[in-house]
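S.K.: Here is how the chains run, residue by residue.
Protein chains: 2
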Amino acid sequence: MNQPIPATALQLRSLIKASGELELSLALIDVPRPAANEVLVRIEAAPLNPSDIGLLFGPADMSGATAGGNAERPVVTAPIPEAAMKAVAGRLGVSMPVGNEGAGVVVAAGSSEAAQALVGKTVAVLGGAMYSQYRALPLEQCLLLPEGATPADGASSFVNPLTALGMVETMRREGHHALVHTAAASNLGQMLNRICLKDGIALVNIVRKPEQAELLRSIGAVHVCNTESPSFLQELTEALVATGATIAFDATGGGRLAGQILGCMEQALNRTAKEYSRYGSTTHKQVYLYGRLDTRPTEFVRNFGMAWGMGGWLLFPFLQKIGPAAAEALKQRIAAELKTTFASRYAQSVSLTGMLQLDSIAAYNKRATGEKFLVTPN
Amino acid sequence: MNQPIPATALQLRSLIKASGELELSLALIDVPRPAANEVLVRIEAAPLNPSDIGLLFGPADMSGATAGGNAERPVVTAPIPEAAMKAVAGRLGVSMPVGNEGAGVVVAAGSSEAAQALVGKTVAVLGGAMYSQYRALPLEQCLLLPEGATPADGASSFVNPLTALGMVETMRREGHHALVHTAAASNLGQMLNRICLKDGIALVNIVRKPEQAELLRSIGAVHVCNTESPSFLQELTEALVATGATIAFDATGGGRLAGQILGCMEQALNRTAKEYSRYGSTTHKQVYLYGRLDTRPTEFVRNFGMAWGMGGWLLFPFLQKIGPAAAEALKQRIAAELKTTFASRYAQSVSLTGMLQLDSIAAYNKRATGEKFLVTPN
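Order-wise, the sequence lines are chains A and B.
Heads up, the first sequence stops at 1267 in my numbering, and the numbers go up one at a time, no gaps.
Heads up, the second sequence stops at 1267 in my numbering, and the numbers go up one at a time, no gaps.
Calculated from the structure, these hints are not laboratory results.
Since the structure is predicted, the reported quantities are computational estimates derived from the model, not experimental observations.
Treat the hints with care, as some may be off.
[Unchecked claim] Cβ pair distances, simulated, as ranges: (1) B:1107 <-> A:1186: 32 to 42 Å; (2) A:982 <-> B:1225: 50 to 60 Å; (3) A:1206 <-> B:948: 35 to 45 Å; (4) B:1119 <-> A:1109: 52 to 62 Å; (5) B:971 <-> A:1225: 53 to 63 Å; (6) B:1118 <-> A:1229: 52 to 62 Å; (7) B:1003 <-> A:1130: 43 to 53 Å.
The beta-carbon is built from N, C-alpha and C at its ideal position, and this holds for glycine as well.
Build out the structure end to end from the sequences listed, making use of the hints.
M.R.: Okay, here's the thing in C-alpha cells:
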C-alpha cells in the first residue's frame, strides 16, 4: 500500500497487422492520474476468461506462434489464416489492451469523497485492459470487496457471476422455470449450479466427459447428461421431462448441440400433448448461444415445431436492458456471496511476462475445465 | 343457391397408418346443421397452399404413390420412410380432413340475425377441412366478400394475405424498418411486394432463378437478389445497405440461406461502424423461418456478432399475440383490397376426385412458382 506509484507501468497489448500476423507484447504506458470520481487500482489479479482469450489471440493459429523480444519484454507472433482476416478488419493496426476484469488495491483516488473513501481498500474492477499493472477506473466500475477478501478472491467478481445470474434472470424474465446449460463443468457452470441449488431452480447440466459429470454430481448437481453417452438424447429428454426446462444457454455455439436441445425439449413437451399438431408444441423453446467453444458451423434439423428461437446472448447488452438498479442488485449479491456461491478457482498464476511464454500460452489456450489461469501483473 | 342441400357430402381425408402407409380418400360425411351463430357454406374454391400439402402428404414418399379405389371414390396410398414415422406419431390412425381456407356460398344459417343476414352471400372462410363440399362455420371465421367477388377471388383471403400483413406488422412491432423475404416470387411474395410498394416499405426480394427476378421487377420490385448469382452475397449486402433491413422472413428454412442473410446484414451494418467491437454490431438482426421449402438441415457460420436471433414464425400464434381487434383490422384491409393487393392467381383447378389422381398429385406437389392449384369441391 505504501509502495510508491511509478510514472510508467506495463500493459499487455494484442495487435493484428494487415500483413496477417498477430503480435503480443508489453507496452510501457504512463500511469494515469485518477479523475475526481475515479480511483487508481494496482491490479493484483485478473482471470483469463475465454472471452479474454478470444480478444487476445483473435483468429491466430497459436500452434504456429514464435517467441521473440527479450526476457523482460517478450514478444510473441503468430500467423492468421487468410480466410479469417476479413472478420478482424475492424481491429487491424490497433494495439489493443486486454482483460475484462480483475481486482487490486486502490493506491490513489480523485478528489470526490466517495473515491477517497476507497484508498487502501481491495476492489474488484470491470472495464477492460486489466492485464495492466495500474488502471484508473470510475467508481461505478468498482465493487468494494468484503473484509478479508483478497484480490484473487475478487478477481472474477463480474464476468462469470453476472453471466450466471444473468442466465437465471433471463430465464425468469422470459417466462421459463428451469434451465439447461452446456459446458456445465466450467467455472461458470459450477457457479450456475450453486446459484440454482441455492435458489431452488431445476438445472440440466450438459457435459462431454464422465469425470465432468462426476465433478458436478459431487457438488450437488441433480441432472447431468453426457453428450458422449450413446443414449444422450434420451437421457436429455428425460431430464427435460423431469425439470420442464424450455430455455438453454449454450457455450459451445457450433455443431449440432443447440438443435438437439430444442429437439429434446419438443419431445419432452409432446409427452403431455393432448392432440396432434403438425406445427408442434405451442410452448416457446429457446436456446441462447453465448460462447464459441465449438468453432464448427451451427447445424440443426427442424424437428421442434415452430415455437422456437435461437440467438446470441451477451452480458453487457443484458445489463443495459435490465438497467442500473437491477444490475446493482446483482452486484450486491455477488459481494455478499463472494466466497461461497461465487467462488472461483484457478489452476495457475502467471505474470504479464509469463503470459507471453509459448508453454503457458499452450496451457491456457486449451481453456480446459479446471485449468483456469490467473494473471498477476504486479 | 336454390340447389337442395344434400344429406351427405364428400370430404377429403388423409390417414397415416401405423403400418407406415399414407392413405388419401374421400369420406362420405353427414352435412352438418349450422348452430345459432354458424353458417353452412357450400365450398366452391379452396387453394392448395404449401401448408395444406404438408398436412395432406405428411412425410410420405409420393414418388411411390399408387392409385386404387374407383373413379368416383379414388384412393391413393404412398409409403412413409421409417425414419419419418416418429414425427407423425401424434396423428397415427387419425383420419384427418385437410384445407385451411376457402370460399363459397352460404346456403343455410343458424337462428341468429347476423347468421341469417349472410344467406346467399359469398364468403371467404378459415378453419380447416375446406376440401369438403359443405362446411358449417362460426361467423367469426367468415369474411363477407365485396359485391362482385367470386369464390375463386376470395379463396385465398386468409393464409397468404394475413401472413404477408403479419410479416409487415412483425417488422413494425419489433422495431425494424425494412424487410427481407425469400422465395419472393411466390404468390405470397408477390403479395408482400404489393403491400410494401403500397405502404412505402423497402423490401429485399431473394429468389433463385433469373425469370423469378424478372417477374418481380416487372411488378415493381426494386431490390431483387438471385441466390444463383456468383456475387449473390455481395448483391445482398448492397441491397441491405440501401434498405437498412434487419429482419427477414425465410420460406426455405433449410440450408445456409438464413445464416447468409444474417451475415450480410452484419456486413451492411459494419459499413457504418465507428470502432471495432469483437462482439459485432449491437443492432439486433432477426431471421424468422416460416416455411420448409428446403428440407435440408439449417446451417450457419456465426459471422454476425452476438446481436442476432433465428426462430420459427407461424400465422396463428401471431394473430393470437396481436389480439382480435388488430386481427380484424387486417381482415378488413384484405376485403377492401381483395382484387388488387391481395389478388391470387391459380394455374389450374381440380375437383376432389381430381386431387386424388397421380398425375395431378405430381403436378401440385411440385409447389412450383406460378403453379398454384385451386380445389373446386362442387
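S.K.: Does each hint fit the structure? Answer for all of them.
M.R.: Each hint tested on the structure:
Roughly 37 Å separates the CB atoms of residue 1107 of chain B and residue 1186 of chain A, a value that falls within the hinted 32 to 42 Å. Residue 982 of chain A and residue 1225 of chain B have their C-beta atoms about 58 Å apart, which keeps the hinted 50 to 60 Å range intact. The supplied range of 35 to 45 Å is met by residue 1206 of chain A and residue 948 of chain B, whose beta-carbon atoms lie about 40 Å from each other. For the pair residue 1119 of chain B and residue 1109 of chain A, the supplied restraint of 52 to 62 Å holds, since their beta-carbon distance comes to about 57 Å.
Between residue 971 of chain B and residue 1225 of chain A the beta carbon distance is about 57 Å. The supplied range of 53 to 63 Å therefore holds. Our hint of 52 to 62 Å for residue 1118 of chain B and residue 1229 of chain A holds, since their Cβ atoms are close to 59 Å apart. Under the hint 43 to 53 Å, the C-beta atoms of residue 1003 of chain B and residue 1130 of chain A, about 46 Å apart, fit the expected range.
Violated hints: none; the structure is consistent with every hint.
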